[in-house]
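Trainee: Produce the entire structure from the sequences given, and follow the hints as far as they go.
These are the residues of each chain, in order.
Number of protein chains: 2
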Amino acid sequence: MNSFAILSAQFSEKFNVRHFPASPATLYDPNEYFLSLGGKRVRPVLCLMGNELFDEINPDAWHVANAIELFHNFSLIHDDIMDKAPLRRGHPTVHEKYGSATALLAGDVMLVAAYEYLTRIEATHQRRILQLFNKTAKEVCEGQQLDMDFENQAAVSLEAYLNMIELKTSVLLASSLQMGSILGGAGERNQRLLYEFGRNLGIAFQVQDDYLDAFGNPDKFGKQVGEISYQIRKHFLLIKALEAAKGNDKKELEALLQSNPEDKVEKVLSIFRNCGVDEWARDLKASYMDKAFQQLEDIAVVSIRKEPLKQLAEFLVQREY
Amino acid sequence: MNSFAILSAQFSEKFNVRHFPASPATLYDPNEYFLSLGGKRVRPVLCLMGNELFDEINPDAWHVANAIELFHNFSLIHDDIMDKAPLRRGHPTVHEKYGSATALLAGDVMLVAAYEYLTRIEATHQRRILQLFNKTAKEVCEGQQLDMDFENQAAVSLEAYLNMIELKTSVLLASSLQMGSILGGAGERNQRLLYEFGRNLGIAFQVQDDYLDAFGNPDKFGKQVGEISYQIRKHFLLIKALEAAKGNDKKELEALLQSNPEDKVEKVLSIFRNCGVDEWARDLKASYMDKAFQQLEDIAVVSIRKEPLKQLAEFLVQREY
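Read top to bottom, the protein sequences are chains A and B. Here the numbering used here is used: the first residue of the first sequence is 1, the next is one more, and so on. Here the numbering used here is used: the first residue of the second sequence is 1, the next is one more, and so on.
Just so you know, the hints here were simulated from the structure itself, not pulled from any lab data. Among the hints, erroneous ones may be present.
All copies of an identical chain are treated as equivalent in the list; a pair is satisfied when it fits inside any one copy or across any two copies.
[Said to hold, decoys possible] Restricting the straight-line Cα-Cα distance to at most 30 Å, the calculated cross-link-like pairs of lysine-lysine (DSS-like) are:
| hint | residue 1 | residue 2 |
| --- | --- | --- |
| 1 | 97 | 84 |
| 2 | 250 | 14 |
| 3 | 264 | 291 |
| 4 | 14 | 135 |
Keep in mind it's a predicted model, so treat the numbers as computed, not measured.
Mentor: Below, the structure is given as structure tokens:
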């Protein structure tokens, strides 16, 4: 049983090798370039931790962890094309550096490479892992599509936004843990609890991110509310405030989103506070964290085995109670 | 043992159902739309024929055939984005109808759906099928990348063009046959011979296509040589003619490609004949067909079982000797 930091270092050492042939370089160099940009490798390490929660690391867990990280990078390369993002981790995105057509193909072949790692695992768990991987992969695509659909919608309901976030980000965290647990020999009930732990943790993390974005990072938030764009709607607190604000607050908020006064950010944040959106977000995050910790608690293994996951969760999402 | 026509009808009946969930419709309707445009379904039927060459159809062959056809459609959706193609089978391409971002995601999820079918097959042959499928998928991506690379190259050698064609189109035909043969219980040697049969047949078909394009369809060919573009170089006969033409013919051909006289097509075809490119193409096709038929001949099953494949090959590529 190891901490996130230790497993992360072990994973990086194994993962930081070439995953693609040398030729054709026009196809594979872009993949190696993108992987060289690094990343926190949270998802593959969750797979290893999900395994260690139940048993020593199954050698196949390294293959599955590789597959998960390659899948994540495939989705980033393609999302960057769709979002026309110029930078990723401070460096040019694949489509910026090599063109959209090559970025598209590089992503495709990255996905195939993920399946190559899954093809290597022992037959015992292979079908179950493939099923979960396929299901998750489709959900991640669905989440990205819903995210794009929001751009053409006048308003986004909180429920729809939560569903999108869950598909786009939480299910991969959840199923990374579950895949690890399958390889660790967990039973169905424990697998399900661990999946739910990951799913709720993912949502709590996203709520926190949006909260800190508004109240912890007003400059960045200022840029977002400064743009009469999708970004305004794509935010937990704004979605909630547009639903919760009443009377003058509601009118003022809507007017603020259409204009650009100097004190816009302060005014928006003040309306957030008036209609209790700050408190609501803290409560929402806490409720997802409570669920997550309860699910971890309910998993039938000795408490000591749960420590690394508990610590990671507390590191990712600060609890304020 | 059934003919291509019978297996094709059987496959279409099974394949013409929904392959995707109803929701989100913004993601899955584009997939169902594209599949509804039809196609000859050659590749999945080759899988079924490869199976029947050795034994009765294994129920898993239907899953693999579905996976192959979904993979082929995934590659078409993405190729159409890269090639900025407005039409496919006389109808708007996915990116034309739904936008590039959705077409990209629809392709991604089509590839995942292909793997869902592969996930369903029995463990006995699953790993071998997945390995071959992954290898082929990467090669098809490599072929598309090489094809795009040619656009930035002043000249394309015949060898490089053959390699590209092989990766982009022949390997999928070849491995469709081989996957079927695996499910039919074929040994390694027979599998390899069948793969080579498909690979050579695919190249012969492409040579014939380019030959007919020039000598059988001067209008279409006229459009191609009329454009000083990649299309000129992307053609067996032109590549060969640029290598083979000497003296005045060579000068005239190069000049013709830079200009647009009324009798351009006639003049280009006349140079082709002068330097024997027409005869060369017929010989090249014949040599690939000879190889293909020899490989089919060498497969260790009774001759009668080979009849459907022999008939299909002769239908696809007319032999002139």
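Trainee: For each hint, tell me whether it holds in the structure or not.
Mentor: Status of the hints after comparison with the structure:
1. 97 to 84: both (12 Å within a copy, 20 Å between copies)
2. 250 to 14: neither (53 Å within a copy, 55 Å between copies)
3. 264 to 291: Cα proximity of residue 264 and residue 291: none, with 36 Å in one copy and 75 Å across.
4. 14 to 135: So residue 14 and residue 135 pass the 30 Å test inside a copy (26 Å) and across (23 Å) alike.
Hint violations for this structure: numbers 2, 3, all remaining hints satisfied.
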